[in-house]
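A.B. asks: Single-letter residue listing:
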Amino acid sequence: MTLAETTATRPRVRRRSAAAERARRFAAIRPWLFLAPALLVYGGFLVLPMLFTLYTSFYSWDGISPLANMTWVGLENYVRAFTADTVARRAFVNNLFWTAGAVIIPTIIGLFLAIALNGVAAVNRALRTIYYAPAVLPLVAVGLIWGWMYNPNFGAVNLFLREIGLGHWAGGWLSSHTMALPATFITFVWSSVGFPMILYLAGLQTIPRELYEAARIDGASRWHCFRFITLPGLVETHVIVLSLAVINGFKVFDLIYTMTYGGPGRSTHVLGTWMYFQAFQFHNAGYGAALAWIIAAIVLVVAVPYIRRMSRS
Amino acid sequence: MDNIVASFAERRTDFVIKLLLVGIAVFWLMPFVVIFLTAIRSQGDMIRNGIFSWPEELRWDNFVAAWDTGRFNIYFRNSLFLILVKVPLGLLIASLAAYPLAKMKFRGSDTVFILFLVGLAVPIQVTLQPLLIMMSSLGIANTLWALIPPYLAFGLPFQIFVMRGFFRILPNELIEAARMDGASETSIFFRIMLPLSLPPLATLAIIDTLATWNEFLIALVLISANSSRTVPIGLMQFQGQYQSQFTLLMAGVLISIIPVLLIFLFLQRYFVAGLAGSVKG
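Protein chains in written order, with the working numbering: chain A, 261 to 573; chain P, -5 to 275.
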């Protein structure tokens, strides 16, 4: 190769590589151009507010006056939530009971319904529609419907109890310290069994029929089929159903707010409603922020296996 | 196969299960029957005869009264507006983000995807106070526009998850062939990916429509003006005013749930299959 040849070709080569470089650089930012709107909205209206709430949780602030009027209090808000504030403790315990119930009861009923209603028969489809229908309603409407069902004087529940001779059981369900939360939870079960049912129905379709046929030929009872084929076959679904039950158990708000408003005597508050009261009714924004982050921290930790499962698919 | 080997005991279990299923179904339907029987009679009739009897006189005008006094026309208009703006916009933004996450190799794609998935677990409470401040400083506090950004943000994680999953199963050859023909990534997205994605988009649109219609907590905090109230907030307001007017109240409740019930009954095939399939991945 002579010197003349090299100098003659060099500019062309350089130009081409510059174009290639530009294309390469564009290819590198292209995914981010597609992601930009989502990242902006998600970052600006979810991540950023979350971080700002974390920041305010270390301050005493009314949520209204300018940010300059915030007073640094360190961990005091968190300490208060775990020690001095008895309502917060009660709310946390209520969350635990609610979550435990949500993990067990709708899950079992949903699994039972899924197994019993698996199939394309018209009856099965109709029954599935009935069981799922409450899940599409606004929870505010669900709360008002059941507030009326539980009405002490004219509500369907007490009317029914009197009708069948159990009138002494009739009472003011939502105004009773002991019954208000369980009564609200029954409403929750009514409105939520459809979801695990649907997830389990989808899970059942992934279990090969041949497994059941082979087991039956070998003389296995249906209980054994359920115990050794169905339950293990649904392990992926269990992870999702149980994770969502815990996550939603700590997020619960709408039903409590509309049915009991935290009452009677603040006995049915959960962290979600108590946070709302602190931040937006009593204007303790800093303390409300701490309560919000306690919920968030619990939920995010619980959600790890769920998120891991979702990211693998 | 099952029937051949089913023993007498198992057939008896079958019968018990069927009985149980019907029993629970009656319990599940009861609240719907109760609100209907409450909403179509007069308050006096309800007090005299109880809700389980057939009304002395059918009072369909309860619905008119509830619609007018509850000012449901405002709430319906607002919720419809939100759905018409938020649902298509959200699906577009989510699909745009899902495309590179599914079909392009780049550094940080896994991190970004997981960052979005974390949003599935974030409780709304942890964003409320800052959102309130942001909307005031943007000058859209107390308007419907204030609801759109947080609704978009909280809808994205699930929608990106579903769309990414769907894009991934579309064959790469489609995209490569289009690139060969000199199509830009933008036109590949709009001319090939989106048209092929109508089934998941329809499912997500239905799910998102219901979620937007039902959303309560964000609207409760960000909206206080009557003219900007959505259906759930309006319904709460209505309940506050007519607490003891049970017949009117249940007529209002029925009005507010009829749209979602209709959507569910007529479109449940897409809706339910989508919910199940998408969470299964």
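Calculated directly from the structure, the hints in this document are not laboratory data.
For clarity, every value in this text was computed on a predicted model and none was experimentally measured.
Glycine included, every Cβ here is placed at the ideal spot set by N, Cα and C.
Take the hints with a grain of salt, since some may be wrong.
A few chain P residues that face chain A, going by a derived Cβ cut-off under 8 Å, partial list only [said to hold, decoys possible]:
#1 T105
#2 I108
#3 Q231
#4 Q233
#5 G234
#6 Y236
Where chain P lies over chain A, by a calculated footprint (3+ residues, C-beta under 8 Å) [said to hold, decoys possible]:
#7 386 to 394
#8 543 to 554
A.B. asks: Does each hint fit the structure? Answer for all of them.
C.D. replies: Results for each hint:
1. T105: Cβ of P:T105 sits 10 Å from chain A, so the hint is violated.
2. I108: Check passed: Cβ of P:I108 comes within 5 Å of chain A, closer than 8 Å.
3. Q231: violated, 10 Å
4. Q233: holds, 6 Å
5. G234: Where the cut-off is 8 Å and the nearest Cβ of chain A is about 11 Å from P:G234, the hint is violated.
6. Y236: Check failed: Cβ of P:Y236 comes no nearer than 11 Å to chain A, outside 8 Å.
7. 386 to 394: n = 8 at 8 Å, threshold three: holds.
8. 543 to 554: holds (count 6)
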